[in-house]
Each structure stands twice: as C-alpha cells, then as structure tokens.
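> Each chain is listed here by its residues.
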Amino acid sequence: MNAHKWFASMLLVGILTGCGQKGDDTGETVIRIGSVSPLTGPQTHIGKDNENGARLAVDEINAKGLVLAGKPVRLELLAEDDQAEPKTATIVADKLLDAGVVAVIGHLNSGTTIPASKRYHDAGIPQISPSATAVAYTAQGFANAFRVMANDAQQGQALGRFAVHGLGAKKVAIIDDRTAYGQGLADEFERAVRAAGVEVVAREFTSDKATDFAAILTNIKGKGAQLVFFGGMDPQGGPMARQMKRLGLNATLVGGDGMQTINFLKLAGADAEGVVASSPGLPLEAMPGGKAFKAKFEARYGPIQVYAPYAYDAVYVLVEAMKRANSAAPAKVVAALRQTDYQGVTGPLRFDAKGDTLGGAVTVYGVKNGAWSVLEVIQ
Amino acid sequence: MDILAQQLVNGLVLGSIYALVALGYTMVYGILELINFAHGEVTMIGAMVALTVIGALLGVFPQLPGLVVVLGGVLVAIPACMLLGFGIEKVAYRPLRHAPRLAPLITAIGMSIVLQNAAMLVWGRQYVSFPPLLPQGRYVILGAQITDLQIFIVLLSFTIMGGLWLLVERSRLGRAMRATAQSREVAQLMGVNVDRIVSLTFIVGSGLAAVAGVMVSAYYGLAHYYMGFMLGLKAFSAAVLGGIGNIVGAMLGGLLLGIIEALGAGYIGDLTGGFLGSHYQDVFAFFVLITVLVFRPSGLLGERVANRA
Amino acid sequence: MRRLPGLDFLHARPGLAFALLAALLIALPFLVGSGLGNSWVRVLDFVLLYMLMAIGLNIVVGYAGLLDLGYIAFYALGAYVYAWLASPHFGLHLPFWVILPLGATFAGLFGVLLGTPVLRLRGDYLAIVTLGFGEIIRIFMNNLNAPFNLTNGPQGINLIDPVRIAGLSFAEPPRFLGLDLPPTYLYYYLFLAFTLLAIGVAMRLQDSRVGRAWAALREDEVAAAAMGINLRNTKLLAFAMGAVFGGVAGGLFAAFQGFISPESFSLWESILVLCMIVLGGMGNVAGALLGAALLTILPEALRYLGDLQRTVLGQVVVEPTDLRMLLFGVALVSMMLFRPTGLLSSRQHRREWAAEDGVAEQERASLYDSRA
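First to last, the sequence lines map onto chains H, S and U. For the first sequence, position 351 matches number 351 in this note's numbering, and the numbering has no gaps at all. For the second sequence, position 114 matches number 1114 in this note's numbering, and the numbering has no gaps at all. For the third sequence, position 335 matches number 2335 in this note's numbering, and the numbering has no gaps at all.
Okay, chain H solo, but in the shape it has when bound (with noise of 0.2 Å):
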C-alpha cells in the first residue's frame, strides 16, 4: 500500500469512527454486547434471527432502564457477521474485542464458535451461544463459555434412549455425514443405545454432499436393521428416505435437528412419513413464554425462524448476571454467571460446572400427514 492511499484510507475511517461516537453524552454509560452469526450467505435468515432476538432483548432492557453500580446504563447491540466460516469468526471476534464489548452472545454455528472462545477467553469477557451445539465447545475448560441449549450429547442421548424405549429398536444402523455436528451427534447416539443393549448393527458413512446411499443402505438391509439412525442434514436426509423405500428396507429413519426442517418434507415428499427427528430445546409452544414472545417477536421482526428465543434468554441471562454482580466488569459477570437461576421464554436456565444448561429439554417429533407433529417431550 503506498503512503498517500493509506493516508487516505485513515481519514475515512476517523471520519466514520468519529461519527459513530458522538450522541453518548446524556449521562449513561454505555455498555457494549456483541452478537454474532452468519447475516450472509446460505444460513442468512438463521442469523439474522438470533440477531433479532438479541435486540429485542437488549431494546426491552433499555426501555425499562438498567441500573449498575448506581448509574443508569444503556446497552448497545453490535451485531456481526461471521459468514459461518471458522477463519472469518475469529477476525470478527477481534473486531467486537476492538470495539470495546463486555460479554458476546454468539457464535451461531459450533464451527465458528469454537475458533472465536478461544479469543473470548483470552479477553477474558463472557461468551454465551444461543445455538452452538457442538460438546467440544464447554469441554475446553473455559470459565466464560456458555450455552443456553442442550448440547448434542444430550440430544443424541435422547434420542439414543427415545429410540430403545420410544421405538423398540432392537437392531440399529447408523449413517453419519462426516461433518462435525453429524458425527458428534452419531456419536452419541451410538453410545446412548449400546447401553441400553441395542446391537448396532452397522455403522455406515456418507458425506455433506452426497446424493447416492443405495450402496450403504442395501449394505444396511442386508444386516436386518430396524432402524436407521443419520447423524446429517436434511439435503441429504431427503434422499436418503426416498432411497430406503425404494430399496425395500423397512427401517424407521431417525434423525436430529438437521432433519427436523420443512425442507426435509419437500425433499423426501410422501417417503418422509414416518421419519422421526429432534430438536433441542421445547417446541414453541411449549415453552413457558413462549405465546407472548412470539407476540412481541413477529409484531417487530415477522416469524420466528429457529434460535431468536434462545438469543433473546441468552441476553436476559447476561444482564441478570450483570445485575448480581451490580457491574459491568467480565470478571465479575463471568462469576455471576455461574450462579444463575433465571426462568426464561425457553424454561428454566441454570449451567453446570463447564457452562452447559443443567437438565436442557429435547423435543423428538415424527411426520404425521406431511407435517412435523411432536411425538415426545424429553425432559
């Protein structure tokens, strides 16, 4: 870069930070909290809706008015994209720590998260997921990691358990994606059964871009399973149904919260009947202020798409912890944070020693007519 294009470039960031930092003169402090997710690319809407839910949060705590330490605070949301990608949510992790935040709600994706606590932790400032589900995430020993979701042990532990005493599976088989999420849930699943003493009968592989599994599931049938268990997302969930009807193998076809999307109906059409997938977390419904977020949610942003509510307890979460500690300062808060006991719109909220929610629920659901219907709360 030559000198006078750098000093160029400089004048324009002063004049665009210099803007930004005027207005703040009321008497509040102001805190920062960052929020990250992909806001481009495939998984927009997802992001976008964790990022609603956070702000809807943080607006309805400025409204009412926070007080710290005797001062009145206000909270400011900066939201930022992370693309999804691992190397991208560690720039921007840098970006939010620049920017001055105490506590970020974020990362989306167990992928990205994972990178970005590292740079959290060394920051020393609260981390709390409303989304990311991958073990590996609390299991680095960090203080200051949190998620509000159940983890994929747990849910392939459900379902693993729903599977034997739901279902009556004697002989299963077991599909993975190769991806981290679908392995890590295949994973589980496999042990959940095993001790409950189910045989398992094979344990195939497929890939995040596949279309063809005659081969593994004619390998499949071959063994007698009854069900097919696929640690995967519903692209290849989709076909995967179709192709066991049409191999003739009369196995029920379970799957987690990468199946568990409309999609997944378009995708396998009429075979989809049948198919059993969970979902972490209460349905909507369910949930005990479920209604009345919803109301707020869609009367501001349009529908709820999956995590918004997650983010939204995520924030109210923080800023109790904020108030026990009657500051700011992560330390603090981290500390705090570990005593929390908070009843949010998605059930009750309380973390174990790593930072994973104590006793998060699962629902598992089945097609019914074409549409997802809930087969089992698992609490």
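Don't read these hints as lab results, they were simulated from the structure. Ideal Cβ placement from N, Cα and C applies to all residues, glycine included. Heads up, none of these hints are tricks.
If the Cβ cut is set under 10 Å, some of the chain H residues that face chain S in the computed set are: (1) 42; (2) 205; (3) 209; (4) 210; (5) 215; (6) 234; (7) 248; (8) 269.
Partner residues aside, some chain S positions facing chain U, computed with beta carbon under 10 Å: (9) 1029; (10) 1101; (11) 1106; (12) 1118; (13) 1280; (14) 1293.
Guided by the hints, dock chains S and U onto chain H, whose structure is given.
Just chains S and U now, kept in the frame of chain H:
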C-alpha cells in the same frame, strides 16, 4: 446373494449416469485435448433449467401427465445447454487455442466457478426438489429391487450412447470429427471447417449433459448448484478409465466406476474388518483415476497416446 | 521493474528506499491497528500466511509449470503436524522451532511421495490427479479418528499451543516499552519474518541453476531433457519446495488459530491460492504477493458492500459472499483472455506467453513426457 444383486443394480444405474456425462468429456478431449472442467456445471444447469420449466408447466397446466411435463423440461433444457456449451467454447476456449497449455485449463476452472455461482444467484443455495412425476413401479428381480425409473435411465443411456456411436462412426459429420481429432491442420486442408466441428462437438456434448442432468435430478429427487462438480470429476475419472477420447470407453468406464463405487462402499467395511469404511467412497474414483493414469494412461480401450513432442 | 512516477528519488537511493520500506513494514500493524482496529491486523496476518502459500505454489506452477490443484494438502499436513506435536491431542507440547521444521520436512516428503507417481503426467492430467490427491488427503484427515484417533476426524484438533519463543508466549503478550502488543501483532512480525525469508529463497531459487532448469522444463520438457536436465529430480524438487512452503504456512496457521479441522482445507482453498498467483502474475514473486494481498483483503472489503446495501436498500439483494466467488471465477477467465501474464508479469513469462504459435502448438500436442 440378493444383496450382491442389489449392489450391482445400484452400480449399474449410477454407472450409466456417469457414462452419459463422461461422453461429454471424452468428445471434447478427443478433439481439443482439453479437460472441459465446466462440463459438470453444464449438467447442473440442465437439471436446473428443466426443473424451472417443470415447475412453470405444473403451475399453468396442473392436469398434464407427469411424463409430458418432464419431457417438456428436457426439451427446453437440451437447447439451453447446447447454447451454453457453444457459448463457453466461443468465449472461453476458442481465443486461447494457441496459448500455452495452462491457459485454457485455468479458464476452464474459472468457467466452472462462474457457472456454479451464477446458478447459485439464479436458483438459490437451497436444494430444489424434483416433483414425483415419473412412474414409480417396483419389481423384484433376483432379490434386487428395481424401479421403472432405474430401468428407464439405463435404457436411455444405452440408446443415447448407441446413437452417438453411430453419429461418430457412420455419418459425414462424425468422419469430420474424427479427422479433426486426428489432426486439426490436415482436416482443415481436407476441407473440414474445424471451428464448426469444434462448436458442434461442444453442442452435442452439452445436449447429452442436459439429459444426464435431468436424469440425475429425477433419480435422486433434487438438484443443487453444487451437484455438477463431484459428478463431473467422477465422470471424468470414468472417461479416463475407459480410455479418454474413446466413446465406447466412456461407456465402459462409467459402468465400471459405478459398480466399483457400489461394491466398494458396500463391502469395504466388512473386507477390511472395519479398518476402512464407506467414508472412503469418494476416494475410489480418485484412486481408480490415479492408478489408471500411472499404469495405463491410455485407459482400458484407448490407443497408446503417441509421444508427439 | 517499472518505475513508479514520483518515486524516482528512491531509485537513486536504494538505501533510503530500503529503510523506508523496513520502517513501513515494522510500523504497519500499529498503523492498521490504531486506524482500523485489531481485527484488521488479523487480516494482515492472514495476508502474510497466504503470501507464504502463494510463493510456494508459485514455485510449482509459475516456475516449473506444473499445475497443482491439491496444494492445500501440504498446508493441511503442516497444520496437522503442528497440532499433533503441540496440543493435548497426544499430550505432546514440543516447542515451535522443533515442530515447524518437522512439519515442513513432512510436507516436503509428501510432496515427493505424491510427485513420484505423476511425474510422467503433464498439464491437465497432472491438474486433475493433484486435485484427487488433495481430496484424498482431506478425506483421510476427516476420517482418521477411527480405528486409531489420529486426526480427531471432523471435530478437529483444539487447544493447539500458541507460539512460544524464548519463554515468551504469544498468547499472553507482554507489555513492551510501555506498549501493549496483542498476539496478532506478534504473529504479524513472526509471519513477516517467514514471508521475507520465503521471498528471499524464492528469488534466489529463480535465478539459480535449479530455477533455470525449472524454466526450461516449463517451456519445453523435451528440449530440457536434451540439454541434460534431470527431469525427475527437477520436477520432484519443485513439488518438494512448494510443499515445504505450504507446510510451514500450515504450521503457522495451526499455532495462530489454535484450532484446526478438515473444513479449513477444502479444494476451494487450493483454487483460491491458484487464483492469487494467476491474478498477480505467474512465475513472479511480486505477483504472488500482490495476488495474495488482493484476494485476502477483497472479501473483507466486500463485507462493507453488504452493509451498504442494507443501509441504502434496506436489505441485502446480492450477498457479497456469493458475489466474491463469482468475481474470482470471472477474474480467472478474463485474466487468461486479456492479460494472461497477470497484473505484475515477469518479463520472461511475457515473452513465453507471446511465443509463436508453433511452439505453443507443439507444447499442447504433447500429452506425456518422454519417460522421465
């Protein structure tokens, strides 16, 4: 036994799709000695265009029989892909015919990225589902489940390949193509319009890709902007396996690769005692490709490529 | 090198130019950090990492004319070697200066190993086989968590040790002369040192005996062989050298990020690095540097395009991330059509790409080498 029969059926159907796409690679390579990386993407565009037309037809005439709707989609997709193939050659490859070898290869990769991302902007990132319009009858033969669609796919592939073989071996156009493949200069001297032949090769190959694209998306029930890439790579491997530049070789290579993949993914776990598993399904194609290139670069049916340099 | 207008006084005083450049490079993270924030220093760090890779790939593609589409595999190998030897995964915590050479050697050996079977292949065949190798390595990395947990599969390896030099851990930066040095700054200087070293090595190589052998190989293999150049060794050396650069960059990446998983080593990354050298100018170190800088900064800058659309139009009509890939594709095609030698082209390459038809024709006609 019925499991083996089923795996062979799985492989045969997959293989005929590979074969159909492999023809496009083989024809272009035969004439220009260029790997048309964008060919897989043309297949994808074919599927996407057909699906758009099918969606529109179903919207306007919901009473139309399924087969007619799909046929309508194919009939639009074929000329669309032909035009695309013609355009790609004209814009991206023809100006570089005399450039160093690396140049058209890099444009080919660039073209593939452009098509993929243009398709993503037009049709979105979501998987598009293919409506169940085609007959779904199922039969059990030797313990293997076979559907109408699978039989149709295999028959259609063989018919098309037979037709193409006749075109190349028996027609005037085919003779010009073979002459161009042998030597562009000599063909030109003999009165063959080389530019026209190259264009026609791209047009025919792209038309076949359109048919393959519709077949793939009907068979798996979906289409996606990324679907052409892996399909293209595997089809290319199939073409190399059979002997690139050789039409019968492309068919043979496609069928073989399909069967290798099905049997490999089905049995590797048991054969290696769980050491290797179906996670390595995608490795087979590359493994076949590398082995063939290293030990028998001319493929199964190809003639020894002379060292002309 | 063409002269930049207005900077003539610098050409007259190379010492001054050098001092200015050095001062700028040393001050850069502070300028960027105070002006644009620490996150842009991190971008700068990635620019340097990609520069390392681009220089390495440039040796294979630009110098020796071997189109390698699986280059990211060496980056992955370097990263995994670092992760194996400095993380809780195997409980090993070797120092950085031990691991990095090991990783580089390992990647270099793999370069030779993968290079050997494909020696006879040329041009497009080589491209597709190297692409296959790249994918095979990624698939193995993704799956080798069983029967023996080598790579921890798709979950990746976490908590990789940061670089430690002489008791100074890059994760807990010291106060230095009253200045806070965040980790991104320290990594900047580390990466800068490696990049400068790589530039030196690459430039020396280009003008060396080996470099001339590579150029001969690129332009005409048969003639090169006739001139007594050992094709096998020359080619393998190119693969190995390129791989070593990739391995070093990978090791640095692992230490810098602290977490690696196979999704960071996709085929797209190989193509990205290729784009960098094609855009900048093949066979030319300055071109590789420019390409790496452009293509790393561009996506970060494009980010503002999304914000701009949101403020002006109220919504994002065209995703900047979607556009990015499309632009890269268009750039590849149009560079080849209109400026095949890149933005900064080497004189030698310009001459070659403007070669008379006969030469190019002949080059294209030969699919395989005479047996190496």
